[in-house]
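S.K.: The residues making up each chain are set out below.
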Amino acid sequence: MAPALAWLTALMVVPCALVLTLAFFRRGIYGGIEYTVTLENFGLVFDPLYARIFLKSAYIAGTATGIAVIIGYAAAYAIAAAPRRLQPVFLFFAVLPFWSNYLIRTYAWIVLLNREGLITQLLRWVGYTGEPPSMLYTEGAVIAGLVYNYLPFVILACYAPLSRLNPELGEASRDLGASSVTTFRRIILPLTVPGIAAGAVFVFVLSIGNFVTPALLGGGRFQMIGNLVYDQFLTVNDWPFGAALAIALIAVMLLVLMAQSQFADRAAGRTIEARGGADG
Amino acid sequence: MAERSPGTRRALWLVLTLVFAFLYIPIAVLVALSFNNAGLPTAWSGFSLKWYASLAGNSAILSAGLNTLIVGLISTTIATLLGTLLAIGVEMRRQFGKGLEALIFAPMIIPDIVLAIALLSFFSMLNVTMGLQTIIVAHVVFNLAFVCSVVRARLKNFDWSIVEASADLGASAITTFRRVTLPVILPAVVAGALLAFTLSVDEFIIAFFTAGAGKASTTLPIQIYSMIRFGITPEINALATIVMAVSVVALTLSQRLNREVIGQ
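Protein chains in written order, with the UniProt record's numbering: chain D, 1 to 280; chain H, 1 to 264.
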């Protein structure tokens with residue numbers, strides 16, 4: 001036990017603490033670190049130039065999350081409605097792509113979206129003769145890549161509560177005269193919200209800090225927070241500012257996670273109340 | 001579930017078809033093109049294995065592949081050892097603080113880019129020469145956490161009284177571990193090791209930051225990343241197909257072992 005804890009302390013806790021302290025120093029003239037304590041790196045994070053990148057990252061991550069949740073929930077719903085013996089098979093094949101390399105899954109979208117890629121070929125095949133559409137290196141390509149990469153997680157997260165739903169609840173609701181839309185909105189959706197929230201938080205947190213997908217599908221000029229951190233460390237050599245950016249990124253993630261756990265606690269409380277009411 | 005109208009049922013099958021098409025068409029196109037004779041994404045011109053053959057002659061890819069194997073095997077070995085011992089220690093004691101729990105979970109949820117820059121700053125501040133050794137050490141950090149969580153799941157229902165019984169009957173701690181504890185947790189240890197190996201082989205960001213300068217310590221994902229940045233080549237398609245096949249096989253195996261464990 002001790003060697004493992006020592007390993008984690010030396011190679012995770014200490015380096016992370018180091019990043020935390022780095023953020024309070026200043027970049028030296030020649031790219032090194034000048035050991036004067038300052039808060040200016042954190043101030044710089046809120047500079048309009050960088051704050052805009054934060055907002056844009058949040059916007060891209062949010063859009064990807066929204067789309068992934070809609071597709072993932074529909075897929076999980078369809079899987080949960082399939083015959084019992086087929087459900088594990090569908091679930092397995094829904095998660096399987098997630099097991100292949102992230103870079104390769106992203107690269108597959110370059111193959112699809114490039115100017116001579118499959119989509120252009122399909123357009124030509126149906127008689128389109130104009131300029132090939134530029135789909136790669138756009139915001140849309142980045143969002144598609146993120147949705148594609150993280151969709152399996154949403155499917156898994158939403159399937160769990162959907163498969164545990166008591167079918168009698170739906171029947172009871174219908175017997176009492178509710179339409180299927182009302183049944184879904186008032187019964188099924190509220191009971192499966194924790195799964196949606198878990199999946200959504202997952203996609204959002206992984207998307208907002210992502211740097212591979214924007215770098216590959218967004219082209220060189222496209223920047224999200226991850227790319228900004230990357231640049232500070234490997235190109236511009238402003239480590240203190242890079243560290244401050246990383247801390248801001250973690251702060252955003254923690255906020256989202258905390259909001260989710262608050263939300264989950266409250267949802268759990270409500271479910272228990274509902275169950276208690278039904279039992280009593 | 002309750003009976004559904006034929007219309008609803010058709011709609012549900014349509015959703016499934018569309019989602020699976022979305023998930024599999026990009027991969028299928030990639031795999032198909034890796035067997036395409038001309039190697040162009042534009043037209044199919046017959047089946048060929050020549051891109052696989054040309055991979056075998058690409059020394060940069062071969063050496064990156066070898067580096068990946070070295071990193072994967074060594075980091076998996078260390079992580080399996082440390083992670084298993086950690087799991088046993090934590091589960092045997094049963095009383096541990098939230099801090100310890102957080103320390104064990106952190107490597108699994110900390111963003112890659114943050115761990116990557118943290119290790120880069122740490123290694124360069126200590127003037128450690130970066131190369132395969134630093135990648136290995138970094139991979140152990142998250143791998144040991146994953147091994148630990150897989151083994152802990154297995155130990156949840158473990159009856160610790162048989163360990164006491166073994167000690168009472170005069171077995172040494174090592175004999176008890178070898179003859180009593182290990183046989184029980186072995187499937188989980190193997191499953192954890194396979195998971196760790198796959199994670200290490202696929203890991204890009206941390207390896208990229210801790211590889212140091214120079215080509216000598218390039219791993220396969222680093223190589224793939226730099227190739228992708230230059231555009232599509234039929235060789236990447238072939239390489240991607242092989243890498244995908246390897247991870248899918250390893251993880252299916254790991255999953256199966258894990259299921260047997262839970263099924264017991």
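Bear in mind the hints are in silico, worked out from the structure with no lab data behind them. Mixed in with the good hints, there may be bad ones.
Stated by the list, open to error - Heads up, incomplete: computed chain H residues facing chain D, CB under 10 Å, no partners named:
(1) Thr8
(2) Phe35
(3) Leu69
(4) Leu73
(5) Val140
(6) Val141
(7) Ala250
To be verified - Now the in silico label distances, taken between C-beta atoms and shown as ranges:
(8) Ala60/H with Val236/D: 25 to 31 Å
(9) Ile119/D with Ser59/H: 32 to 38 Å
(10) Gly62/D with Gly89/H: 47 to 53 Å
To be verified - So, partial list: chain D residues that the calculated Cβ filter (under 8 Å) puts toward chain H:
(11) Met12
(12) Gly43
(13) Phe54
(14) Leu96
(15) Leu103
(16) Leu112
(17) Ala251
(18) Met253
All C-beta atoms in this analysis are idealised placements derived from N, C-alpha and C, irrespective of residue type, glycine included.
S.K.: May I ask which of the numbered hints given earlier this structure violates, with the numbers listed in increasing order?
M.R.: Hints 2, 3, 4, 10, 12, 13 and 17 not satisfied by this model.
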